[in-house]
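Chain residues, written in single-letter form:
There are 2 protein chains.
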Amino acid sequence: MRPKIYLFGDSITEHSFGDGGWGASLAHHFARNADVAIRGYSGYNTRWALMAIDKVFPPPPPATAENGINGGGGGGYEAAPVCVTVFFGANDASLPNRHAAFQHVPIDEYKQNLHSIVSFFKKRWPSTHVILITPPPIDEATRILNAYVKNKSGLPERTNESAGNYAKACVTVASNCGIPVIDLWTKMQQSPDWRTDYLCDGLHLTPGGNEVVFEEVIGKLNELGVTPESLPSELPPFINIDSNDPLTSLSKWSSFMV
Amino acid sequence: MRPKIYLFGDSITEHSFGDGGWGASLAHHFARNADVAIRGYSGYNTRWALMAIDKVFPPPPPATAENGINGGGGGGYEAAPVCVTVFFGANDASLPNRHAAFQHVPIDEYKQNLHSIVSFFKKRWPSTHVILITPPPIDEATRILNAYVKNKSGLPERTNESAGNYAKACVTVASNCGIPVIDLWTKMQQSPDWRTDYLCDGLHLTPGGNEVVFEEVIGKLNELGVTPESLPSELPPFINIDSNDPLTSLSKWSSFMV
Numbered sequence: 005m006r007p008k009i010y011l012f013g014d015s016i017t018e019h020s021f022g023d024g025g026w027g028a029s030l031a032h033h034f035a036r037n038a039d040v041a042i043r044g045y046s047g048y049n050t051r052w053a054l055m056a057i058d059k060v061f062p063p064p065p066p067a068t069a070e071n072g073i074n075g076g077g078g079g080g081y082e083a084a085p086v087c088v089t090v091f092f093g094a095n096d097a098s099l100p101n102r103h104a105a106f107q108h109v110p111i112d113e114y115k116q117n118l119h120s121i122v123s124f125f126k127k128r129w130p131s132t133h134v135i136l137i138t139p140p141p142i143d144e145a146t147r148i149l150n151a152y153v154k155n156k157s158g159l160p161e162r163t164n165e166s167a168g169n170y171a172k173a174c175v176t177v178a179s180n181c182g183i184p185v186i187d188l189w190t191k192m193q194q195s196p197d198w199r200t201d202y203l204c205d206g207l208h209l210t211p212g213g214n215e216v217v218f219e220e221v222i223g224k225l226n227e228l229g230v231t232p233e234s235l236p237s238e239l240p241p242f243i244n245i246d247s248n249d250p251l252t253s254l255s256k257w258s259s260f261m262v
Numbered sequence: 005m006r007p008k009i010y011l012f013g014d015s016i017t018e019h020s021f022g023d024g025g026w027g028a029s030l031a032h033h034f035a036r037n038a039d040v041a042i043r044g045y046s047g048y049n050t051r052w053a054l055m056a057i058d059k060v061f062p063p064p065p066p067a068t069a070e071n072g073i074n075g076g077g078g079g080g081y082e083a084a085p086v087c088v089t090v091f092f093g094a095n096d097a098s099l100p101n102r103h104a105a106f107q108h109v110p111i112d113e114y115k116q117n118l119h120s121i122v123s124f125f126k127k128r129w130p131s132t133h134v135i136l137i138t139p140p141p142i143d144e145a146t147r148i149l150n151a152y153v154k155n156k157s158g159l160p161e162r163t164n165e166s167a168g169n170y171a172k173a174c175v176t177v178a179s180n181c182g183i184p185v186i187d188l189w190t191k192m193q194q195s196p197d198w199r200t201d202y203l204c205d206g207l208h209l210t211p212g213g214n215e216v217v218f219e220e221v222i223g224k225l226n227e228l229g230v231t232p233e234s235l236p237s238e239l240p241p242f243i244n245i246d247s248n249d250p251l252t253s254l255s256k257w258s259s260f261m262v
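Protein chains in written order, with my numbering: chain L, 5 to 262; chain E, 5 to 262.
One chain only, chain L, in its complex shape (with noise of 0.2 angstroms):
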């Protein structure tokens, strides 16, 4: 079975395979060697993740003799992912008085929510690398503008200053936690069209954004030594395959031959 990488979160990852989706560019950056997976659900904060994270990342089935025997169509074994990419905290972080307040979760709610999420992880798969993503930074101006939601206030829903509040949250999570992180929030706005380069409606990505999100990501894989070089790979590259026999290239390859 080909290693796995689970992204876990809100719009920002279900929407990951669109135009130029972080998540696309990681699957075709691992195409001979890992499953990437989307797990992103819209509008979701920690709270309502972590209250689903069981129907998300089902426990296996305890084995029988049938679901071995048949195996498959029912079955549901499944061997720890490489990595889990977590990366709640837009919605967290809509303010509690505004539009979107039926999504907002107090900061320290929000801390211990991400907590759990990782320990979550690490106790179903502790070989399982777990990386948290910050929200990214907020323009407030387009906020207001975004057609999308019915916000007639006049008020942004969500503010740049509290996305930061808890992206240094989730930064100090991960920290107590002992695990990477990718602190977007700050990493987007060390360039000065942030607003115009990576956001598309003030919080979610253009393709330029998803481009940050991808880097970032594959900056931490690699720190990590997860690369398409250290995996697996059940088939051998073209290059590999010997135009004079290129049968006993297939059947004589194992993984790591590279």
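It cannot be assumed that every hint is accurate.
Pairs count within a copy or across copies, as identical chains cannot be separated in the list.
Quick list of in silico lysine-lysine cross-link-like pairs, DSBU-like style, CA-CA up to 35 angstroms [stated by the list, open to error]: (1) K126 with K8; (2) K156 with K115; (3) K191 with K224; (4) K8 with K256; (5) K8 with K156; (6) K59 with K224; (7) K126 with K156; (8) K172 with K256; (9) K156 with K127; (10) K256 with K224.
To be clear, the hints were calculated from the coordinates, so they are not data collected in a lab.
Position chain E relative to chain L; hints supplied.
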């Protein structure tokens, strides 16, 4: 476990999560309902694919108390995928007396191999929809100019006529097997500017060409009744969450409630 869609093929499948790729679009389309997994192998023909198919889709391991109890780390039981696309022929159709001769597979063997690949899937997973995709058309003039291939002969290693013969053979196999087929070779040439709109190097796909494949695959899946709405979803969409009682919405959710 989420339903899965496998994409089995050559480079046009391996690269299908690149810029504007048809595989990524498929994953985006099914972002909440199915995992789309790449099993694409650049340069491969049906002979090599058939020889290696057991490595690509390994049989389930025998049931043991151990792999049942630990439930991860070494498992590998796999439910039947919803669909497998089989997209080979571009390499088989390489001419036997030209630069890429060692990728060539005679057309009768190609038909037999395709048939065997379909039979493999139908035996392994009787309920799985198998969709064949023919090779795309070839723009010979651009193939000769292709800098990637060190072909100094001045003759294209593939011709559109040969690709067309393999496309017809693929359609015949699908008909004999009673399964759906996408005749990409014919479909693309219905557009007068197919050489530049759909092909980037006379063989591989532009974003426009990827869009054609995506639309065709979605069309076949629709005909088969495989749509996002027809598949289970482990969590409710945001619009189905009661803003006054989100946690009840989550706990009461079951698939097919939309």
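Evaluated hints:
1. Taking the shortest Cα distances, K126 and K8 sit within 35 angstroms of each other both inside one copy (16 angstroms) and across copies (25 angstroms).
2. Within a single copy, K156 and K115 get their C-alpha atoms as close as 31 angstroms, which meets the 35 angstroms cut-off; across copies the closest is 62 angstroms, which misses it.
3. With identical chains, the CA atoms of K191 and K224 are at most 35 angstroms apart within one copy only, with a shortest distance of 14 angstroms there and 43 angstroms across copies.
4. For a Cα distance limit of 35 angstroms, the shortest separation of K8 from K256 qualifies both inside one copy, at 25 angstroms, and across copies, at 29 angstroms.
5. Taking the shortest Cα distances, K8 and K156 never come within 35 angstroms of each other, neither inside one copy (43 angstroms) nor across copies (41 angstroms).
6. Proximity of K59 and K224 under a CA criterion of 35 angstroms is satisfied in both settings, with 28 angstroms inside one chain copy and 30 angstroms between copies.
7. Neither within a single protomer nor between protomers do K126 and K156 lie at most 35 angstroms apart by alpha-carbon distance, with minima of 43 angstroms and 55 angstroms respectively.
8. Proximity of K172 to K256 under the C-alpha cut-off of 35 angstroms is restricted to the inter-copy arrangement: shortest distance 34 angstroms between copies versus 51 angstroms within a copy.
9. In the homo-oligomer, the alpha carbons of K156 and K127 never lie at most 35 angstroms apart, since the shortest distance is 45 angstroms inside one protomer and 58 angstroms across protomers.
10. Proximity of K256 and K224 under a CA criterion of 35 angstroms is satisfied intra-copy only: 33 angstroms inside one chain copy versus 37 angstroms between copies.
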